[in-house]
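There are 2 protein chains.
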Amino acid sequence: MLVQKYKDMLSGKSVIRELSEFATARGQEIGYENVFDYSLGNPSVPVPQAFTDEMIHMLTDRESNALHGYSPSLGITGVREAVAASLEKRFGLPYRKEHIFMASGAAGALAHAFRLVTEPGDEILTFAPYFPEYGPYVNLTGAVLKVVPPDTESFQIHFGKFEEMLTGKVMAVLINTPNNPSGVAYSAATLRKLADLLREKSAEYGHTIYLISDEPYREIVFSGVEAPCVSAFYDDTIMCYSFSKSLSIPGERIGYVAVNPRCRDAETMVNMCGQISRGTGHNCPPSIIQLAVAKVLDQTADLSVYETNMEILYRELVDLGFTCVKPGGTFYIFPKALEEDARAFCRKALDYDLVLVPGDTFGAPGYFRMAYCIATEKVERSLKALRRFVEETYR
Amino acid sequence: MLVQKYKDMLSGKSVIRELSEFATARGQEIGYENVFDYSLGNPSVPVPQAFTDEMIHMLTDRESNALHGYSPSLGITGVREAVAASLEKRFGLPYRKEHIFMASGAAGALAHAFRLVTEPGDEILTFAPYFPEYGPYVNLTGAVLKVVPPDTESFQIHFGKFEEMLTGKVMAVLINTPNNPSGVAYSAATLRKLADLLREKSAEYGHTIYLISDEPYREIVFSGVEAPCVSAFYDDTIMCYSFSKSLSIPGERIGYVAVNPRCRDAETMVNMCGQISRGTGHNCPPSIIQLAVAKVLDQTADLSVYETNMEILYRELVDLGFTCVKPGGTFYIFPKALEEDARAFCRKALDYDLVLVPGDTFGAPGYFRMAYCIATEKVERSLKALRRFVEETYR
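Top line first, the protein sequences correspond to chains A and B. Numbering follows numbering that gives the first Met the number 0, with no gaps: position 50 of the first sequence is 49. Numbering follows numbering that gives the first Met the number 0, with no gaps: position 366 of the second sequence is 365.
Accuracy of the hints is not assured; some may be wrong.
One copy or any two copies: either way a pair holds, since identical chains are not told apart in the list.
Cut-off 27 Å, straight-line C-alpha distance, at most; resulting in silico cross-link-like pairs (DSSO-like, lysine-lysine) [to be verified]: (1) K4 to K96; (2) K192 to K145; (3) K145 to K4; (4) K4 to K168; (5) K4 to K200; (6) K335 to K325; (7) K96 to K12; (8) K200 to K6; (9) K145 to K200; (10) K294 to K96; (11) K96 to K6; (12) K145 to K12; (13) K192 to K168; (14) K377 to K325.
For the record, the hints were derived by calculation from the structure and aren't laboratory data. From a predicted model like this one, the values you see are computed outputs, not experimental measurements.
Construct all of the structure, not just a fragment, from the sequences and the given hints.
Structure, rendered in structure tokens:
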């Protein structure tokens, strides 16, 4: 018999996917260049040439069995060393290869982090607005994801509600900064308060509450914005990183788990990741991709277009009367809709070929997300449609 | 708190890994060319040039975001179509892309197959001798792996013992043909009898017993050997394939699940795989590797060296008085040890720098495995050591 829980999931439609399908279909009618598709968080800036060159260089010069051979289960040793050295230099924490587990993107890294610290029935808390895939990612491990309602003033943490929900059943807290969908980076003050509370409650409950920090947008931080290193604030932090956005290679599934060197069990935890992967069938990210990213660890794609797009959109949105927290990074912005029902708002926007995603999907009804990882030229052209939509519908 | 089951696994030492570590250490003493290391099943023949050329071609000519972008969760559509077309042509079953789910190697494919058809507590049966990773692969999903004792005459299936163990709790049967470690391919007679029994018991118990067919060695079949397509015998077959051995790219983690087109729920099952992967954090094999293998589906590395090595070893082993079933494929041979305790036998062989793996690891005590995916020249040089070992120890 087929397993019912997975069968049941098939009927659940993803709002983002439906919107993206609408955009594609509409694009076939009127030309995709005329559809202002803000639905998908797909990196749009070219992959760094150094990554491509490194791939070609290895394919040309290295012995094929060595290049494409099995990776050790924790990742290729030299790659782990290079990642640790880069993190140490960057963040000043004493990372060594023993703290690094190479994983298949942030999704793979999170799958390991959740299994490290939760048994079925344990709770993981996250904060709205949040990446909706966290639901299945957590719940399919047997743990239970609970979502703390948003602080809509700042999209920092709503500590009042958080403290209420931080019971003895919570084994981990999952954060994502800079954040998808709000674009906001948690401040040092937020992280300090969060860390203090986790230390206090860990002591009170007699078990460590781990902080799982999902950081795929770490390299997309805008000028003048403070986006401090989460691990610097809390010893028991499990950092989950992906190169998808920094190098524009989301399809190549490469990232890592970096357990804070100050975490008492760091090395054991990394070794445990190698056991967890036997059950998930993951067994290391691709060897050639591991080797290639290790050569370009301190480089990124040219990410400046995201800031350019953000500034254009933010200015226009404010000018049109939207309430909107200014993003500190990522390629998302999360304004308040102009009517209470953000789904209705987004539906009406489709008449202007504006594809926006209602905040309900992210646990924050009444707001909407725009993913501005598209050409600046298109962002500029979309402003007229946005203005017409607002003026004809809400004035 | 860290999850105890994974922590406990850290103390379990892999016999194969220990032997391989011995070989490496001994190699540093006397030169690795003098260690006859038959421990690891690591492909040794070069990657086909066509695969490398295709990778370089794409890296050079294709737009980087298209090349390295997200794959749909079931795999890249054109890749699934190409795999289906290749399977249809090869095996005469009506495969379509709807039957194909791209996975991270056979390990990834199996992780999905197990989760498709078992709930925690359900049983999966496999046959000794068997690949020891099946233990954690299955048991970490919550299902329970049970091992049917071997038919040591032929290393086909011991049907008497199988039938006893095929109770109503068994939801799937897992086979691996051609087999690691025996090298034996299941005959048409074996597969027919297996299929008949599964149909009979499925009807009796009122639920489908799925056949999960792990086929990483499908392309390594020796001349004159019959290695029939498993799916042709049983409609409810889930084929799990890996390109690791056929293309010598085990580190690139690429394979697929192919659900038999005649299986009633085939398309649903493939769609369910896309849901399962959200929980395992797997989320598609790397895009560039998917695209590259799709171009060389009907090619393999030059696998002939494995047959050459097998013939040399088999002749020598028989001449030395070993009882040994002649392999039909793979790069393994599984002779009977010259004393009851194969672990003692293998330990003594180390004095001759022969690294052999005791059959206990594979659920068949009293036998030992030789992985002859090494240079023919080295196989030939090892014969003298093998003869000295046997004559000085057992004559």
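Taking the hints in turn, this is what the structure says about them:
Taking identical chains as interchangeable, the C-alpha atoms of K4 and K96 lie at most 27 Å apart only when they sit on different chains, with a minimum of 24 Å there against 38 Å within one chain. Proximity of K192 and K145 under a CA criterion of 27 Å is satisfied intra-copy only: 20 Å inside one chain copy versus 50 Å between copies. Within a single copy, K145 and K4 get their C-alpha atoms as close as 19 Å, and across copies as close as 25 Å, so both meet the 27 Å cut-off. In this homomeric assembly, K4 and K168 come within 27 Å of each other (Cα to Cα) both inside a single copy, at 24 Å, and across copies, at 19 Å.
With identical chains, the CA atoms of K4 and K200 are at most 27 Å apart between copies only, with a shortest distance of 25 Å across copies and 34 Å within one. Taking CA atoms no more than 27 Å apart as the test, K335 paired with K325 passes inside one copy only; the shortest distance there is 12 Å, against 72 Å between copies. Taking identical chains as interchangeable, the C-alpha atoms of K96 and K12 lie at most 27 Å apart only when they sit on different chains, with a minimum of 21 Å there against 41 Å within one chain. In the homo-oligomer, the alpha carbons of K200 and K6 lie at most 27 Å apart only across protomers (24 Å), although the nearest pairing inside one protomer, at 38 Å, exceeds that limit.
For the homomeric pair K145 and K200, the shortest alpha-carbon distance inside one copy (17 Å) is at most 27 Å, but the shortest distance between copies (43 Å) is not. Taking the shortest alpha-carbon separations for K294 and K96, only the intra-copy value of 16 Å comes in at or below 27 Å, while the best inter-copy value is 36 Å. With identical chains, the CA atoms of K96 and K6 are at most 27 Å apart between copies only, with a shortest distance of 19 Å across copies and 40 Å within one. For a Cα distance limit of 27 Å, the shortest separation of K145 from K12 inside one copy, 21 Å, qualifies, whereas the shortest one across copies, 38 Å, does not.
For the homomeric pair K192 and K168, the shortest alpha-carbon distance inside one copy (20 Å) is at most 27 Å, but the shortest distance between copies (51 Å) is not. Taking the shortest Cα distances, K377 and K325 sit within 27 Å of each other inside one copy (20 Å), while across copies they are farther apart (66 Å).
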